[in-house]
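**Student:** Chains as they are written, first to last, in our numbering: chain Y, 458 to 752; chain Z, -14 to 296.
One or more hints might be untrue.
Partial pick of chain Y residues on the chain Z-facing surface, computed with a CB cut under 7 angstroms [unchecked claim]:
#: 1; residue: Tyr501
#: 2; residue: Arg568
#: 3; residue: Asn576
#: 4; residue: Thr676
Within a straight-line C-alpha distance of at most 25 angstroms, the following computed SDA-like cross-link-like pairs (lysine to any residue) qualify [what the hints assert, rightly or not]:
#: 5; chain 1: Y; residue 1: Lys645; chain 2: Z; residue 2: Ile79
#: 6; chain 1: Y; residue 1: Lys476; chain 2: Z; residue 2: Ile79
#: 7; chain 1: Y; residue 1: Lys476; chain 2: Z; residue 2: Ser166
#: 8; chain 1: Z; residue 1: Lys104; chain 2: Y; residue 2: Lys645
#: 9; chain 1: Z; residue 1: Lys104; chain 2: Z; residue 2: Ser166
#: 10; chain 1: Z; residue 1: Lys104; chain 2: Y; residue 2: Tyr501
#: 11; chain 1: Z; residue 1: Lys104; chain 2: Y; residue 2: Leu730
#: 12; chain 1: Y; residue 1: Lys476; chain 2: Z; residue 2: Arg173
#: 13; chain 1: Y; residue 1: Lys476; chain 2: Z; residue 2: Ser96
Hints in this document: simulated from the structure, not taken from any laboratory.
Quick reminder that beta carbons are idealized off the backbone N, C-alpha and C, glycines included.
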Amino acid sequence: MAAETRTDETDFGEVSRLKDRVFESVTLAAALFGIVTLAVLLVYVTVDAVGWLDWQFLTSPPHPLAEEAGIFPALVGSIVLMVLIALVTFPLGVGAAIYLEEYASDGRLTRFIQLNIANLAGVPSVVYGLLGLGLFVQLLSFGYGTLLVAAFTVSLLILPIVIIAAQEAIRSVPDSLRQASYGMGATKRQTIRNVVLPRSLPGIMTGTILALGRAIGETAPLIMIGVPTTVFGVPNGLFAKFSAMPMQIYTWSSYPDTAFQYGVVSAGVVTLLVVLLSINSIAILIRNKYQTERS
Amino acid sequence: MSDATAPDLSRRSGQNTREFAYRAVFFVCALLSILTTLAIVLTLLGDALTFFAEVSPIAFLTGTTWSPANDPVSFGVLPLITGTLVITFGAAAIALPVGLLTAIYLAEYASDRVRSVLKPAIEVLAGVPTVVYGYFALVYVTPALSVVFPTISTFNALSASIIVGIMIIPMVSSISEDAMSSVPDSLREASYGLGATRFTVSTSVVVPASISGIASSYILALSRAIGETMAVTIAAGNTPRLVDLTDPAGVFLNSIQTMTAAMVQLGASDVTGQSLAYRSLFAVGLTLFVITFLMNLISEWVASRYREEYR
């Protein structure tokens, strides 16, 4: 339909190879623009982190002196938070995906749920922070800035991403496998447990781990629910106050001292990015392992 | 949604009960997404309504001074909305053209091998935490900009716009490229058959044919820029200021405050409990939620048009 818009006036003019070459270069430059900018910034931050990112930094609590400052409580806080988020989102996300892919008929309610999930994925993270503040802190009184509130809040934030990834993994299981299972007299539940889930698990794991990578960098929701800016110890319970790496980076980046701005924060940023990179590598390893086994 | 349906061969009623229980559990999981939306709306509305009982919505939406915590308090949201628009405009100036050109390169020029490397690399741009982007803008981009603009402030809208623009490039490029890839090859071949170059095919055939997909990606990217929080909070600062259109350079070279940054500032301060400043947080949040939610819906609607076009 849209292609018809040009039929009356299809006048390509003189065929210009030069214009084509120039345009190809322009599009290539555009494609590289963001990547090159990010690469330059990453080189800068890595160079700045040299000399600051050491064992002392990884194992010390925060300190007003740049030389003594460390990220240990925030590093542990981030990892504990991530494990909790995984425990909440994995069962809920997979459950919702199973319902939508295996049980739901293609009716109004299903389409509404689907549209709603897509929309939730686009809600700004700071709004989820307000949800956490209003629901978990004020209404349910789980306490300001506790580990449990943070885990629930960020879980709600990444749940749509986990559901969408799990749905794609379940959808990629061939129907012939389900038919074979039913043909042998298996019930729907048995088919899901013995056929669909084992087959789609690598895809679901990959999607969930990638979503966790997004969760570990979230800062705005943590600020809204009152996660403290500086914590000196590791959390010792679900209702304990804690800190997380992005929170610590945000706090440090507001210090005017250049030793902090170009030293301690750089080390913090590199630590966060390395943890993020490791998480994503695990996801890609899982995907590649099962892709080669299947093909 | 699978086509395979279980033939009902089981006669044991215990089996059926268990099957039903599982179905119910999974249904509750799916329902949770609707409950989340409801909870967001109710949480925001609850406190926003008590706020609007004290401050009239008209004063809120048309007031030109935002000062929630310092006397004299004033809750005019316009400076925050114009601040958000400045960042969105600046980010769009980078991300929309760059994203579209990137999509054209990936869909029309790149070989399969180049694409398989370049596409994930561009996606990385969306995976970097926004707090890291904010730090980059503050300590690397602003000093670099000060070489060109000596009068630039430590906190400024320009560096924040640039960095937000870079982080939303993948939103534009990946959705636009999907739309371009779904344009049937027969259209391209007809054009090549007439002697057209790739340039002509891209600009006269592929882009017009995938225009609704491109539009959808643009709206989604703008919505993301509006809701972006940490990068603008760190880089653009906290100066609620009504935009002065007669001085565009001053707008970008100085500190502003977006809706999201104002929320972070209130959230991080001690305005807890039931104060008016605390409730204003939810009024701003509601405004932000309504704007981004509408944009996401429109984007979804526009996208559903291109999906049907080439079935």
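**Student:** Each hint: holds or not?
**Tutor:** Outcome of the hint check:
no., hint, result
1, Tyr501, "holds (5 angstroms)"
2, Arg568, "violated (11 angstroms)"
3, Asn576, "holds (5 angstroms)"
4, Thr676, "holds (4 angstroms)"
5, Lys645(Y) to Ile79(Z), "violated (50 angstroms)"
6, Lys476(Y) to Ile79(Z), "holds (23 angstroms)"
7, Lys476(Y) to Ser166(Z), "holds (23 angstroms)"
8, Lys104(Z) to Lys645(Y), "violated (38 angstroms)"
9, Lys104(Z) to Ser166(Z), "holds (14 angstroms)"
10, Lys104(Z) to Tyr501(Y), "holds (24 angstroms)"
11, Lys104(Z) to Leu730(Y), "holds (20 angstroms)"
12, Lys476(Y) to Arg173(Z), "holds (18 angstroms)"
13, Lys476(Y) to Ser96(Z), "holds (20 angstroms)"
Checked against the numbered hints listed earlier, the structure breaks hints 2, 5 and 8; every other hint is satisfied.
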